Each structure stands twice: as C-alpha cells, then as structure tokens.
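Asker: The numbering of the sequence shown is my numbering, which starts it at 11 and goes up by one.
Mixed in with the good hints, there may be bad ones.
[To be verified] DSS-like, lysine-lysine: derived pairs with alpha carbons at most 27 Å apart:
(1) K133 / K23
(2) K259 / K159
(3) K56 / K28
(4) K23 / K33
(5) K259 / K133
(6) K23 / K56
(7) K133 / K33
(8) K121 / K232
(9) K159 / K121
(10) K121 / K254
(11) K133 / K121
(12) K159 / K26
(13) K159 / K56
(14) K259 / K121
(15) K200 / K159
(16) K259 / K232
(17) K200 / K259
(18) K200 / K232
For the record, the hints were derived by calculation from the structure and aren't laboratory data. If you're wondering where the values come from, they're calculated on a predicted model, not measured in any experiment.
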Amino acid sequence: MKCTIANLSARLKQAKNKAATAKKALITHRNASRHIESGLQEKVAKLEKAATNETRLNAQITTLEVELKDVEDQLEHVRNEQEERFAMGIADAEAARIRTLQQEEELMRLKPLSTELRLLRVKIFKCALDRVRLTSLFGLVVEVRTVVKVGNVTRDILPQSGSSSLDSSHYYFPQDGIAFPLREGDMYSKSLEVLVYCEDGDELIGSLVLPLINFESNGRAKEYNLEMSPGFQNIGNHGEITLKLELWKMS
C-alpha cells in the first residue's frame with residue numbers, strides 16, 4: 011500500500027512538472043506569437059500607410075498630368091496662332107513686294123515715255139592729265155578745252171585762267187557749271203559725253219561717255235577715268251575728270 015501511494019505521489023509530481031513545463035512552453039509560445047503578431051501589425055500599418063501615400067501620389071500625378079496637358083494645349087494654341095500670324099506676315103510682305111515690283115515695272119515702262127521737263131546741271135571741277143608729258147609731246151605748254159554734249163546740245167568749258175600755274179597735273183574749271191534742259195524720258199535714251207581737246211585745235215585727248223540711265227543724284231562729285239585717244243596713251247597715267255551731276259525738276 012505504501013508503495014502504491016509513493017508511486018502515485020511520484021507520478022503526480024512528474025505530471026505537475028510536465029504540466030509546468032508545458033505551461034512554460036505555452037507562455038513562451040504565446041509571447042513569441044504576440045511578438046510576431048505585433049511585428050505583422052506594424053508591417054500592415056506600414057503597408058497601409060504606403061498604400062495611402064501611393065494613392066495620394068497617384069492623385070497628385072493625375073492632377074499634374076491634367077495641368078501639363080492644359081499647358082501643352084495652351085502652348086500648341088499659341089504656337090498655331092504665331093505660325094498663322096507669321097504665315098500671314100510673309101504672305102502680306104510678299105504681296106507688298108510684288109505690288110512694289112509691279113509699280114516699279116509700270117513706272118519704268120512709263121518713264122521712258124515721260125515728257126516732264128528736267129534740268130541736268132553739270133559741274134566739272136578738274137581734269138587730271140600729265141601736263142609735263144603733254145608739254146613734252148607738243149613742245150609747248152598745252153591748254154585744254156572741254157566739250158560737254160547731251161544729245162545734240164553742246165557746251166564748251168575752258169579751264170580757269172592761269173590754272174596751268176597751279177600744279178603740273180590738273181586743269182581746274184570754273185564752278186558755275188552748265189545746264190541742259192531735257193525731258194525725263196531722255197534720261198533713258200541719252201548719254202552725257204565729255205570730250206577733252208587741245209585748246210588750240212581739234213585734237214581729242216580723251217573722252218568720257220555716261221549713260222544718263224545710270225545717273226545717281228547723290229549731290230557728290232565723282233572721279234571718272236577718261237578713255238585716252240591713241241595718240242595720247244603714252245603720256246603716263248590715264249586721265250581723270252572730276253564732275254558732279256544734278257537733276258532738277260522744272261515747274
């Protein structure tokens with residue numbers, strides 16, 4: 011009997027120990043489960059927060075995309091307007107250019123027929139010739155006379171008195187100038203001729219021919235090269251004549 015009680019007591023004690031061990035294991039497992047659950051809840055919270063942020067960012071992206079589309083549409087509209095204005099400006103400029111060309115063409119067609127009176131004023135300032143070589147060629151001091159012709163109208167101009175003593179390469183002329191009445195249409199068909207002769211004879215030293223259609227009314231004197239006659243091409247540099255042309259309307 012005593013043996014039985016002792017066995018039961020030992021078995022009970024063993025059972026209590028097993029129960030305590032099992033309880034301890036359960037508590038450990040429960041704590042581990044709670045820790046895992048807490049970690050999972052934290053991850054879920056982070057995921058939910060990330061999902062919320064993603065939703066907010068997607069909404070912002072959608073808003074920005076709409077705003078960007080509006081800006082692109084506005085830019086496209088402005089670009090189209092600018093291209094239209096530019097194209098219209100080019101078309102208007104081209105139309106204006108064509109009108110100007112047509113007007114100029116019509117004017118050029120009519121001007122050669124114009125009978126409006128003009129006054130062509132010619133001023134000869136100086137004639138550059140190698141006077142030393144001229145003197146050597148003729149054996150005496152050579153003076154010149156200048157003949158100016160427009161069409162059938164001829165004018166003679168003599169150098170200033172005593173101009174031969176001023177220097178050895180130029181003949182100087184009075185500044186009064188000479189005038190030729192003509193019609194506007196003559197400017198398209200006639201030329202100005204300047205002929206330089208020896209004063210005491212008809213020997214041509216050099217000449218200049220200027221088509222009046224090339225006339226430039228800039229109010230400035232200009233130098234022109236003379237075409238030297240064959241007998242005078244050996245006197246050195248080509249001769250030059252300085253003159254100014256002015257065109258006036260006659261009322």
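Asker: Which numbered hints are broken by the structure, listed smallest first?
Answerer: 1, 3, 6, 7, 12, 13
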